[in-house]
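Student: Sequence:
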Amino acid sequence: MNQPATTEIQGESQSGSRRFSLRQRILLTLISWTAVLLIRLIGPTLKFEVVAEENVPADGYRYAPAGIYCFWHRCVIPGAWRFRNMQIAIMISRSFDGELISRIAGKLGFRPVRGSSSRGGAGALLAMREELDLGHPAVFTADGPRGPMYVAKPGPVLLAKKTGYKIVGFHIAVERAWILKSWDKMMIPKPFSRAVIYISSPLAVPADATGEQMESLHQEMQRRMDRCTAGAEKAVTTDQH
Numbered sequence: 514m515n516q517p518a519t520t521e522i523q524g525e526s527q528s529g530s531r532r533f534s535l536r537q538r539i540l541l542t543l544i545s546w547t548a549v550l551l552i553r554l555i556g557p558t559l560k561f562e563v564v565a566e567e568n569v570p571a572d573g574y575r576y577a578p579a580g581i582y583c584f585w586h587r588c589v590i591p592g593a594w595r596f597r598n599m600q601i602a603i604m605i606s607r608s609f610d611g612e613l614i615s616r617i618a619g620k621l622g623f624r625p626v627r628g629s630s631s632r633g634g635a636g637a638l639l640a641m642r643e644e645l646d647l648g649h650p651a652v653f654t655a656d657g658p659r660g661p662m663y664v665a666k667p668g669p670v671l672l673a674k675k676t677g678y679k680i681v682g683f684h685i686a687v688e689r690a691w692i693l694k695s696w697d698k699m700m701i702p703k704p705f706s707r708a709v710i711y712i713s714s715p716l717a718v719p720a721d722a723t724g725e726q727m728e729s730l731h732q733e734m735q736r737r738m739d740r741c742t743a744g745a746e747k748a749v750t751t752d753q754h
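Just so we're aligned, residue 514 is where the sequence shown starts under the working numbering, counting upward by one.
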């Protein structure tokens with residue numbers, strides 16, 4: 514079985530990564546294992562449904578092919594369960610919170626790419642491109658790492674231009690969840706909840722797109738993410754009986 518890998522952005526090695534205090538290292542270990550246990554306990558009880566727009570496979574990317582995907586930061590926990598063990602590369606910041614998410618993601622079969630599309634952007638995007646070249650899907654938390662909530666960063670559009678892969682946005686809405694008091698209003702699904710994944714149609718970015726066109730495509734990605742959010746939230750509140 515392939516072991517998840519952690520990719521450092523170009524120009525930064527493990528020895529150059531941020532050093533954490535003993536207390537922080539203990540917290541990272543305890544919290545990451547507790548979170549993974551929680552996800553593995555709650556995850557199997559969730560009832561996932563998929564709502565897809567045109568040109569999306571009937572299985573809703575259950576076996577995600579290489580491509581660029583983006584979703585909101587608050588959906589990390591249900592997303593981590595739904596797309597576990599698929600060798601998906603996900604960009605994660607080098608902050609303390611990012612280190613925590615990276616450890617959780619690695620334990621669930623993801624491939625953390627440490628960096629940010631807004632800070633050290635060129636190196637981080639290069640690392641994601643290398644993951645795509647290896648055949649791994651590339652995923653962004655579109656409003657990460659620090660928000661504002663539901664405001665998409667341009668990273669996926671830049672990577673799509675460089676690689677030719679299309680962008681697929683999605684949102685996960687959960688029927689019942691605990692909501693944390695964080696900038697992203699992080700969701701922890703309650704056991705046996707419905708979870709609806711709304712998936713957008715793919716967005717293509719031409720390799721020769723001008724600066725003006727890139728801005729327009731960035732806005733289009735934002736509109737599609739907004740549509741996914743509204744669609745999933747509406748679907749999850751629809752009476753199924």
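Honestly, the hints are just simulated from the structure, not real lab data.
Treat the hints with caution; some may be incorrect.
[Said to hold, decoys possible] Derived DSSO-like pairs (lysine-lysine); straight-line CA-CA distance at most 30 Å:
id	residue 1	residue 2
1	K679	K560
2	K703	K679
3	K679	K747
4	K560	K675
5	K560	K703
6	K679	K620
7	K703	K675
Student: The structure should be examined with respect to each hint, and the outcome stated for every one.
Tutor: To see whether the hints hold, each was checked on the structure:
Annotation: proposed proximity of K679 to K560 holds, straight-line Cα distance about 28 Å (limit 30 Å). The straight-line distance between the Cα atoms of K703 and K679 is roughly 33 Å, outside the 30 Å bound, and the hint therefore fails. In summary, the hint linking K679 to K747 is supported, as the alpha carbons are separated by about 26 Å, within the 30 Å threshold. In summary, the hint linking K560 to K675 is not supported, as the alpha carbons are separated by about 37 Å, beyond the 30 Å threshold.
Of the pairs offered as hints, the one joining K560 and K703 holds, with about 11 Å between alpha carbons and a cut-off of 30 Å not exceeded. At roughly 28 Å between alpha-carbon atoms, K679 and K620 fall within 30 Å of each other, so this suggested pair holds. A hinted pair counts as satisfied when its Cα atoms are at most 30 Å apart, and K703 with K675 does not qualify at roughly 40 Å.
Of the numbered hints stated above, those contradicted by the structure are hints 2, 4 and 7, listed in ascending order.
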